[in-house]
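Residue numbers (this note's numbering), protein chains in the order written: chain W, 488 to 734; chain F, 3 to 69; chain G, 472 to 680; chain R, -10 to 218.
None of these hints come from the bench; they were simulated from the model.
Note that the coordinates shown come from a computational prediction; the quantities given were computed from them, not determined experimentally.
Hints may be right or wrong, so weigh each one.
To be verified - No farther apart than 16 Å at their CA atoms in a straight line, the calculated lysine to aspartate or glutamate pairs in the EDC-like style are these:
no.	chain 1	residue 1	chain 2	residue 2
1	R	K(-7)	G	D585
2	W	K722	F	E53
3	F	K48	W	E666
4	R	K(-7)	G	D588
5	W	K722	G	E634
6	W	K642	G	E489
7	G	K512	G	D588
8	W	K642	G	E634
9	G	K566	R	E122
10	R	K(-7)	G	E634
11	R	K6	G	E583
12	W	K572	G	E489
13	G	K599	G	E634
14	G	K566	R	E73
15	F	K56	W	E689
16	R	K(-7)	G	D550
17	W	K572	G	D531
18	R	K14	G	E603
19	R	K(-7)	G	D586
20	W	K642	G	D531
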Amino acid sequence: MWLWFAKLGSPKWFYDVSDRWLPWLAGAMALFMIVGVIWALLFLPPDYQQGLTTRILVIHVAVAGTSLAFFPLMAVAGTITLVWKMKLADMVAKNAAALGAWFSFVTLATGSIWGSVMWGTWWEWTDARLVSMLFQFFLLLSVVALRSAIEDTDKAAKACALLSIVGCINVVIIKYSVEWWNVLHQPASPLSMSSDNANGPEFWMATGVMIIAVYLFFIVSLILTTRNEILQREKRSQWVQDIVRAA
Amino acid sequence: MTQSIQFSSISEFLDMGGYAFNVWAVYAVFLVFIFVNLVFPIVRRKKILREIKKQSVFEHTDTDSTD
Amino acid sequence: MQRSEGQEALRVDNLFCERGERILFQDLALVICQGEVIQVKGPNGSGKTTLLRIVCGLHDGYQGSITWCGETTREHPEDFLSSLTYLGHHVGVNKVLTPLENLRWSCGLRQETDDKDIYSALEDMGLKGFEESQCFTLSAGQQQRVSLSRLLLNQSNLWVLDEPFTTLDADGVKLLEGLLCKHIDRGGAALVTTHHNLGVPGLKVLELT
Amino acid sequence: MNLKQASIFQAFVVTLKRDLLIAYKRKNDIVNPFMFFLITSSLFPIGISPDPSRLGEIAAGVLWISALLASLLAMDNLYRADFEDGSLEQLLVSPHPLYFLVLAKNIGHWLVSGLPVVLISPLIAYMINLPQESYSVLFFTLLIGTPILSLVGSIGVALTVGLGSRGLILAMISLPMSVPVLIAGTLAIQETANGAPLAGYLAIMGAMLLGSITLAPLASALALRISVN
């Protein structure tokens, strides 16, 4: 019987390891975040075309870049859930879906705030990246919705794992087809976000720091929620009881 | 490459070259986003620990009474 | 559980299954030999249906091994499934189709099925005259009989029956018991859940708690 | 009785026949999506404008979105009755690879709910003033596109078949997934009207169809196993 638990990609191991790593990760995150934000807000020189709105792009690009990681992550976790029936993978995937929806939403929000300056409109269908991000947002929400609709944890895990794999393939196809659609509809906007490369090296260095900060934030947040999930699902086990008693 | 503060006064900094609303809105959204996704899990953890504690106390009193 | 003279057909070892946070089975072992009927008994929620579904491969949230004629059913399901007839809680009879059309499909999935055989099977099950009426006009017991006709048509080695007696009348019960007797005479094996006292020779009982 | 095992092909045919027979007996399965398509697309002129030139501009999109919604509406019937009466279990314990049986069900479903929509589409196209030269493009893209919608939608239906409140979740899963088909279909109509050759678009949609025939039933089969668990 203990073999059965040991086979499940031991949540206890993850809990212990994350316990040791969490302070370091959180510290690094705070450091990069503060450096990145101060650099972006105070030191970044104005762009010749976009003025000080590059300060928006630093955040937007960092969040958008990270939000592309979610479906691949969930697809890998889903494959592990379906093939090796590892419970830990599903605990990560469950929280990744909700966090991914947050990331997509913030990407859309910051993108449209930036657009309100550069395009003079809050929403622009001719920007392929925003449109495919919108559909990624919908698909992530559908994974969250499916999870909450199925009561049985095991069944929900498998169903969401499959949907994540299908969704991941779909997001890629949607991305390419939206770009294709976009090219043929002749973008009217003078400035798409793909002209980012017009930005100078300072911009990319500040953005690089911010991307690392946001990735660290993503990892820390995911670890925190996964640890909660572990506590809840393993509450009968002795080691969780010990933690509870010590707390 | 020289790095220097791009603003000479606080009010200029707050104004963000005329894009005050947009720039500060993005940073506000970002801040809320980070805050929610870090603080909520920590608060939830406390709640979960409390709940598990309550449950296990119940179970222990159960077994005590049957002993 | 004792081994009987018959050759071992289905073997379940070390079965472990949990539902929610409750452990349903632990170290459950079960051997069914040719020419043997095993009745699974137990209170509601003891996992009778789950056990049957696990055996048939409809439920895969378990640990342990299930072998059919020496091959594990997880890795080699084809042989096992072609010698299995499973009749679940739900009869698997479409309401708008007639018994004839239903059986043409569910038996046609497994073997080439002749209409003549279906007619005679339905007659044996006491459904003569109902072959061509839509199933929603039939009573629950009659639908159950349509479902049971598959046992006659499929000629499977292993029958897995989940509460087959619930909707049957006294006649139907006798009929099914007769079928089970004939089945074990031919060397077939069966796994049945029911609260009814089965009148079958050499019956073995597995109690779940 | 001497029994001969059914081949995969025979099992496929028996399943297809059964589903067509059920649809024929229930009539609703055929009529409903068809009527839905008719009604939805005739609401657009009322909601937007009766002006023929404005209608002509949006006709391709209107037809495609109506077809897409009709297909979504029809999807719910695909596995639900079988799930409720236990036929799905019989399907799962059959000795054949589930892929082919699911494919048979999907084809049957498309023949019943997708094909009528494709066949009636030229009539609606006339009513909402689709440019004359686009008729054949519309017809062929719908003919290739609606089976993709059925195949991909089937995954979502299979995942949600046992759920109480599945309507909205099904829409949330299937609609974003139909975006690529929608793009290909409407682009084909618009671009061929501007003089682009049709062959390229048909090739792309054909590739999508082949891709979904090979992959989607696999996912649906797995989803059904999960739902029945």
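Are the Cα atoms of K572 of chain W and D531 of chain G separated by 16 Å or less? Status holds; Cα separation ~10 Å.
Is the hinted pair K(-7) of chain R and D588 of chain G satisfied, with a Cα-Cα distance of at most 16 Å? holds (13 Å)
For the pair supplied as a hint, K(-7) of chain R and E634 of chain G, confirm whether the alpha-carbon distance does not exceed 16 Å. Not satisfied, since the Cα-Cα distance of roughly 29 Å exceeds 16 Å.
Hey, K512 of chain G versus D588 of chain G, does the alpha-carbon distance stay inside 16 Å? violated (34 Å)
Satisfaction of hint between E489 of chain G and K572 of chain W, Cα-Cα up to 16 Å: Within the cut-off at roughly 14 Å; holds.
Taking only the CA atoms, is the gap from K642 of chain W to D531 of chain G under or equal to 16 Å? holds (10 Å)
Given the hint that K14 of chain R pairs with E603 of chain G, does the C-alpha gap stay at or below 16 Å? Status holds; Cα separation ~13 Å.
Does E583 of chain G lie within 16 Å of K6 of chain R when you go C-alpha to C-alpha? Measuring from Cα to Cα gives roughly 15 Å; hence the hint holds.
Given hint E666 of chain W paired with K48 of chain F - CA-CA distance at most 16 Å: Distance of about 45 Å is beyond 16 Å: violated.
16 Å limit on alpha-carbon distance, applied to hinted pair K56 of chain F and E689 of chain W: violated (54 Å)
For the pair supplied as a hint, K642 of chain W and E489 of chain G, confirm whether the alpha-carbon distance does not exceed 16 Å. Holds: K642 of chain W and E489 of chain G sit about 13 Å apart, inside 16 Å.
With the threshold set at 16 Å, check whether the alpha-carbon distance from K(-7) of chain R to D550 of chain G stays at or below it. holds (14 Å)
Hint compliance for this structure: hints 3, 5, 7, 8, 9, 10, 13, 15 are not met, and every other hint is.
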